[in-house]
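S.K.: The chain contents come next:
2 protein chains.
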Amino acid sequence: MQLLNAPGTRDCLPDEAIARKRILDTIKATFERYGYSPLETPAIERFDVLSSKYAGGDEILKETFRVHDQGQRELGLRYDLTVPFARVVGMNPQLKMPFKRYQVDKVWRDGPISKARYREFWQADVDIVGCAAMTADAELLMLAVDVFTKLGLVPVIRVNNRKILEGLAQLEGLEDKKDAVIIALDKLDKLKREDVLEELAGITGKDKAESILGRFTVQGTNEQILDALPQDNELLQQGISELREVLAYCAGADNNDKQSIINTQSTKDKHLANNKHLANPIVIDTTLARGLSYYTGTIFEIILPGSEVKSSVGGGGRYDKMIQDFLGGNQQFPAVGISFGVDRIYDAMGGADKKTTAKAYIIHFKNPQAGFDLAKQLRAAMINTDLDLVGRGPSKCLQYAQSQGIPFVLFLGEEELAQKKVRIKDMTSGTEDTVGVADAIARIIGSQD
Amino acid sequence: MQLLNAPGTRDCLPDEAIARKRILDTIKATFERYGYSPLETPAIERFDVLSSKYAGGDEILKETFRVHDQGQRELGLRYDLTVPFARVVGMNPQLKMPFKRYQVDKVWRDGPISKARYREFWQADVDIVGCAAMTADAELLMLAVDVFTKLGLVPVIRVNNRKILEGLAQLEGLEDKKDAVIIALDKLDKLKREDVLEELAGITGKDKAESILGRFTVQGTNEQILDALPQDNELLQQGISELREVLAYCAGADNNDKQSIINTQSTKDKHLANNKHLANPIVIDTTLARGLSYYTGTIFEIILPGSEVKSSVGGGGRYDKMIQDFLGGNQQFPAVGISFGVDRIYDAMGGADKKTTAKAYIIHFKNPQAGFDLAKQLRAAMINTDLDLVGRGPSKCLQYAQSQGIPFVLFLGEEELAQKKVRIKDMTSGTEDTVGVADAIARIIGSQD
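In order, the protein sequence lines correspond to chains P and E.
Taking my numbering, the leading residue of the first sequence gets 261, the next gets one more, and so forth.
Taking my numbering, the leading residue of the second sequence gets 261, the next gets one more, and so forth.
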């Protein structure tokens, strides 16, 4: 036997697992704060569900891990949380609509491995099904801002609407080439304007390419961008009106007059991160396309301009047809959702934490009974507490506590026991004090660490 | 495509997922309270790790889900959390000992399916590696009592020591038949005494069977049971001394004189559940064997005598050789751990919860902006809040809130808006009141629900 992980998978030792758990707990608590409920689905799905025409598509299917049971059934590991969500909606007609659910769980993709790409990774998805109104889109954007704010990060959310993209393509008489145009525009994010222009020109001819790029790269406030868009067909009118409605809800009743002054093209600038009082973190970006996926209306992508993490840390949009297509039948299932990129958020948060959440470590000079009794008092006071179980000498114990980053060490020698006191050492400042147990507890609870 | 789960797997809709999350959160928080840190390992492992001689054994290997990646590597889904733990210990020599870790995660076994047996299920494992002292065993028992107490359940923990079982077998001259004897004794739990006697007689002859059963089924307090055991060989002496030490730590310095008065044979009686001040929930049961697994010292099994759930809700013990055998080499890895049966605990807790954790639902009479503004205030006050996103009439909204079991509904009509107030309806009592937002918030936070 070789001691190895399966290719593309890895362990998270406590310092990573603690940091990740803190992120996931914050995300889940915020989802519930907005009235979303947890849903659990199995890791293993029937392969015919995963490979359904309206599920993830061919690319993703190639990367699906195949599983067989003893009955030689064709099974697979889920590659996302959306297909299981659609299956659950179809199998549970008793669910009351709108159904607001979240799922924070692992997914598997048997794709190429890189430093930033694993075959087993977390997704944190939050979706509403059964609500066609823009209130749902707006609520999810507010929720996303709240998630990042609670994590101490400063997000910018680029929003657009698929109907605007399709309306503009229609306006240019490019309906038959709209997918290629959208793919080209989607690259404005990464390529130079000239390069995108060249790619577009190859599809539409040079003149049209200039005209399209001009229409798509209007700069200014959200209001200025919306005002500059043509309204010459129904798709454009709908898309603009939907975006206006979403933005108005997000701004809030008191803030409708304070229009964002953020320039779309500068959303990735570092200085934004320093502005904790960002008037409006939600900015229209008419070049945002989010690939050729199943979106039908609002689309959005979350970035952290002040962070080392340059790629998006979340995204999503409205997909009013996908669940109906997946399930077949006549019932409509308008839906909108966001997926948060847990691993990138982890990187943006600075990675690993301490090796333990323990706040106190008890050194009892080979009197474990006294150690257990003190630990019991600390634990009853909600303090995560570790103690010497091995029976080591005090300096080895101190080294251990130090290596784990535990902020307080409590010494329980004969003298302290006789006085019913403890000697408390603050491992950050190095100061020591002999105090009563209640005082020690108060000091640990009162510390910032 | 058929809309079906893979055989032996199931979804947890919100009412189940909320109840399960509450249990898992309590378990994890208690693990951390005792200084254990989270470890995450991948669901997918190399098959040669899972099938190593000292891993789960042949039975479990037959039930291992096989997975293949595009490189046709032999992989599998983990069937427990102990083998991955041993692998992590072997791959990370930098880990400081003792290493106290927990892992709460899913495992997969492709076995027969029944109502209570799924192919994908939760395990909650907590282990210490690198500590041979009985302090570790004692800490885990205290932790287990604390977990169940925090969940509002009243546990009884049956403890024994493998050395006592082996010492008694040695004493009877049955070392070569000790596995068969242990398997027979293990059935005292489920079979009648006469039936176990018959099975034993088939192995050892009738006289010896009587003698063994007599030695193993001593009744009385923990102290009486220990006193009645023979001390004729080293194994017996060690086992008894280890048990005494563990029990003394668990009783606490103040409680060493208060010996438990629980009769081993009555540990499953209902009346125990009514005794919330159980002097000592830890009772010696010399018939406890825990199968033929890798245990070397202390063994224990947790039951809930007052619950409908009759099988054990957790168990574990000391396994001082398994990790060394698994890894090979000369380094010793004494270890002790507990695995909690999450699904049985879920059943014992009474199953499903409400369909949402939302405490408030806002009905805004088609004024979503006002609804969002009120929701923002409630959410800032840490109240999980849902609101009408669809734009329905008030009676449909009320039905929805009722169906979800949300305890408070806030009406935000024109009159209330003009007065800067809300009408709050307590869905349990049915009473309604028009109050300021701060009062509504205080009432919701102050409610027991």
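Since the hints were made in silico from the structure, they are not lab data.
Don't take each hint at face value.
The list makes no distinction among identical chains, and a pair is therefore deemed to hold if it is satisfied within one copy or across any two copies.
Claimed, not checked - List of simulated lysine-lysine pairs, DSS-like, C-alpha gap at most 27 Å: (1) LYS656 to LYS636; (2) LYS570 to LYS313; (3) LYS366 to LYS570; (4) LYS614 to LYS356; (5) LYS375 to LYS636; (6) LYS636 to LYS468; (7) LYS356 to LYS656; (8) LYS615 to LYS356.
Bear in mind that the values here come from a model prediction, so they are computed numbers and not experimental data.
S.K.: Give a verdict on every hint.
M.R.: Consistency of the hints with the structure:
1. LYS656 to LYS636: within (23 Å within a copy, 51 Å between copies)
2. LYS570 to LYS313: For LYS570 and LYS313, neither the intra-copy (33 Å) nor the inter-copy (46 Å) Cα distance is at most 27 Å.
3. LYS366 to LYS570: Cα proximity of LYS366 and LYS570: one copy only (23 Å, versus 33 Å across).
4. LYS614 to LYS356: Answer is between; shortest inter-copy Cα gap is 13 Å, intra-copy 43 Å.
5. LYS375 to LYS636: neither (43 Å within a copy, 39 Å between copies)
6. LYS636 to LYS468: neither (75 Å within a copy, 45 Å between copies)
7. LYS356 to LYS656: For LYS356 and LYS656, only the inter-copy Cα distance (11 Å) is at most 27 Å; the intra-copy one is 59 Å.
8. LYS615 to LYS356: between (43 Å within a copy, 10 Å between copies)
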